[in-house]
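Asker: To convert, note that position 606 of the sequence shown is 606 in UniProt numbering; the numbers rise steadily by one, no gaps.
A few of these clues could be false.
Computed list of lysine-lysine pairs in DSS-like fashion (alpha-carbon distance at most 27 angstroms, straight line) [stated by the list, open to error]:
(1) K129 with K614
(2) K129 with K480
(3) K129 with K117
(4) K535 with K614
Label-pair distances were calculated between CB atoms; the ranges are [to be verified]:
(5) G255 with P41: 37 to 47 angstroms
(6) G79 with M270: 54 to 64 angstroms
(7) H469 with V395: 55 to 65 angstroms
(8) L135 with G607: 29 to 39 angstroms
No wet-lab data here; the hints were simulated from the structure. Please read all numbers here as calculations on a predicted model, not as lab measurements. Virtual Cβ for every residue (Gly too), placed ideally from N, Cα, C.
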Amino acid sequence: MGGAGHSRGTAGRDESAQRAANADAPDIPDLWRRVGALFAPYRRQLILTAALVVTTASAGVIPPLIVERIFDDALFPAGGPQITLLIELVALVIAIFLGVAVLGVWQTYVTASVGNKVTGDLRMRLFDKLQSMDLAFFTRTKTGVIQSRLQNDVGGVSGVLTTFISSIVGNSVTVLASLVAMILLDWRLTLIAVVLMPALVLVQRRVGQVRARLASSTQESLSEMTAITQETLSVSGILLSKVYNRQRLESGRYGAENANQIGLQVRLSMSGQWFFGVVTVIMSSVPAVIYLASGLLIARANDQGVEPAITAGTVVAFTAIQARLLFPLMALMRVALEVQTSRALFARIFEYLDLTPAIVDAPDARDAAEAPGPVGRVEFRDVTFRYPDAAADAVPTLDGVSFVAEPGQTVAFVGPSGAGKTTVVYLAARLHEASSGAVLFAGADVRELTHESIVEKIGVVSQETYLFHATIAENLRYAKPDASDDDLIAACRDANIHDQIQRFEHGYDTVVGERGYRLSGGEKQRIAIARVLLKDPPVLLLDEATSALDTVSERIVQVALDRAAEGRTTLVVAHRLSTIADADVIHVVDGGRIVESGTAAELTAAGGLFARLKAEQRD
Numbered sequence: 001m002g003g004a005g006h007s008r009g010t011a012g013r014d015e016s017a018q019r020a021a022n023a024d025a026p027d028i029p030d031l032w033r034r035v036g037a038l039f040a041p042y043r044r045q046l047i048l049t050a051a052l053v054v055t056t057a058s059a060g061v062i063p064p065l066i067v068e069r070i071f072d073d074a075l076f077p078a079g080g081p082q083i084t085l086l087i088e089l090v091a092l093v094i095a096i097f098l099g100v101a102v103l104g105v106w107q108t109y110v111t112a113s114v115g116n117k118v119t120g121d122l123r124m125r126l127f128d129k130l131q132s133m134d135l136a137f138f139t140r141t142k143t144g145v146i147q148s149r150l151q152n153d154v155g156g157v158s159g160v161l162t163t164f165i166s167s168i169v170g171n172s173v174t175v176l177a178s179l180v181a182m183i184l185l186d187w188r189l190t191l192i193a194v195v196l197m198p199a200l201v202l203v204q205r206r207v208g209q210v211r212a213r214l215a216s217s218t219q220e221s222l223s224e225m226t227a228i229t230q231e232t233l234s235v236s237g238i239l240l241s242k243v244y245n246r247q248r249l250e251s252g253r254y255g256a257e258n259a260n261q262i263g264l265q266v267r268l269s270m271s272g273q274w275f276f277g278v279v280t281v282i283m284s285s286v287p288a289v290i291y292l293a294s295g296l297l298i299a300r301a302n303d304q305g306v307e308p309a310i311t312a313g314t315v316v317a318f319t320a321i322q323a324r325l326l327f328p329l330m331a332l333m334r335v336a337l338e339v340q341t342s343r344a345l346f347a348r349i350f351e352y353l354d355l356t357p358a359i360v361d362a363p364d365a366r367d368a369a370e371a372p373g374p375v376g377r378v379e380f381r382d383v384t385f386r387y388p389d390a391a392a393d394a395v396p397t398l399d400g401v402s403f404v405a406e407p408g409q410t411v412a413f414v415g416p417s418g419a420g421k422t423t424v425v426y427l428a429a430r431l432h433e434a435s436s437g438a439v440l441f442a443g444a445d446v447r448e449l450t451h452e453s454i455v456e457k458i459g460v461v462s463q464e465t466y467l468f469h470a471t472i473a474e475n476l477r478y479a480k481p482d483a484s485d486d487d488l489i490a491a492c493r494d495a496n497i498h499d500q501i502q503r504f505e506h507g508y509d510t511v512v513g514e515r516g517y518r519l520s521g522g523e524k525q526r527i528a529i530a531r532v533l534l535k536d537p538p539v540l541l542l543d544e545a546t547s548a549l550d551t552v553s554e555r556i557v558q559v560a561l562d563r564a565a566e567g568r569t570t571l572v573v574a575h576r577l578s579t580i581a582d583a584d585v586i587h588v589v590d591g592g593r594i595v596e597s598g599t600a601a602e603l604t605a606a607g608g609l610f611a612r613l614k615a616e617q618r619d
């Protein structure tokens, strides 16, 4: 069992790692062009943000320049302190700081609004894309991995989206303005202050590459942890681990991945710390170097008998501006690292946004109501189906299947497990696309009709009934949001569940629990039938809807199903042959082919596969 659990985890990670490797290869300029396009709907807010950022960043450099006048002209002039000028200059400095603070608050609000809206838009685009994907995508992808893309990956880039504009523009303007001010004060001191910057930029790029790789590995690990959580802490997962006494095994799986995540997070946090430590030491030491250089320049001027170009005010103002240069420069380097780190996350997000659903409407697709044949007629013409990821030489799931279900008929499909019966139902609802042949709905090829209009005319009741963690009424109204209470009661009466609901303490306001686990299997199935009846579709697809029920519940549910089938075209996948004894036509499926067709009596008399299956069930 331990080996099975390990392979379950590594298989998912290998698939994710392969996708990550592919995702890490996109054209970098194109990637950032797509990221920039996310901000397109918010141009006005971005212009306002840029204006505020430039204003606050530029204004923030002015006070140190005023400090030079305070020292040279107001505090230490030849005739002594000039108090009036000193008051005016100090008041001006305070006013500038106050204005910068007010504009800064406004800028933060606008920036946060734009950044979070862009993040929300990205999350919605990803969710909408996943909603459009075909069923096969979800059968081959872990739910936890999908959830991780929505939560962890989008969450991982939200900080960059929220602060990118203000940080890049604001700190760039601050750095440029500071450099200009420093040059105006003394170009020689400026050269000394920035001599190491090119080397620091080169080192920063290398650190960013390391962080990008670590970020990708960290997100893959988070995906695996989310998948483990979703699998093991769902109601079904926790029930399985308890009945097999595998809680320690699952805790071990989670613990191993948690330890891996801790290691990756520590490495990610520590990557670049030595670099920033060195940068901090260098930038913090620059003022001392400036003092030394200023002293040497002043001493040289004195030796030459000329007036020094550097005054005390110049040194104070220069070091004040240089100190202001430290934090925006560090911030620019950090945001550059974050951008490089987020590149892998953006690539993973765009990988999903670029997915192409296997089933899409044709450009000229029309509504099913416009189909030429009678609504409710379902026909298969020589249909063959292979799963998209199946090997080219693999035996097809369905091979040359043909049949017709006329409006109002009940057509049943029986056969051994794995024969392809459920695939017939999924193809009829166009949840899968036929590899060859044609599936017709109301006389038109389903590929010529809009998928939405087909689904509106089909109701499905499967063996695995899914109910939301909500009230019975809310679960029922999922089929028809505007249904009245009387509509709910009528549907539940027809589904033979109304009286049972009335016995619950809160009636239709009873919360059914996760996946409906507070209800019995028969109760869940009858609520699912009532939900379909509320939709009132002309075609009903029943996929072994009673196979998991006990005999008593099966009989009750079968009565509800028989009522639901009245006046509707019904395709039934049946395990218990007794439930389809009255079907108009029974197709026996074996090895992906229809090998027998007829009524129950005709097939029994023929003595073929149906007769053998019937005898086995009777025994």
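Asker: Within a Cα-Cα threshold of 27 angstroms, do K129 and K117 meet the stated pairing?
Answerer: Roughly 18 angstroms separates the two Cα atoms, so the pair holds.
Asker: Would you mind confirming whether the straight-line C-alpha gap from K129 to K480 stays at or under 27 angstroms?
Answerer: Holds, at about 24 angstroms.
Asker: Return holds or violated for the Cβ distance of L135 and G607 against the range 29 to 39 angstroms.
Answerer: 37 angstroms, holds
Asker: Assess, step by step, whether the Cα of K129 is no farther than 27 angstroms from the Cα of K614, and give holds or violated.
Answerer: Violated, at about 45 angstroms.
Asker: Take the C-alpha atoms of K535 and K614, compute the straight-line distance between them, and say whether it is at most 27 angstroms.
Answerer: 34 angstroms, violated
Asker: Could you check the hint for me, namely that G79 and M270 are 54 to 64 angstroms apart, CB to CB?
Answerer: 57 angstroms, holds
Asker: Could you say whether the range 55 to 65 angstroms given as a hint is met by the Cβ separation of H469 and V395?
Answerer: 40 angstroms, violated
Asker: Determine whether the Cβ-Cβ distance between G255 and P41 falls within the hinted range of 37 to 47 angstroms.
Answerer: Given about 44 angstroms between the Cβ atoms, the range holds.
Hints 1, 4, 7 from the list above are not met by this structure, while the remaining hints are.
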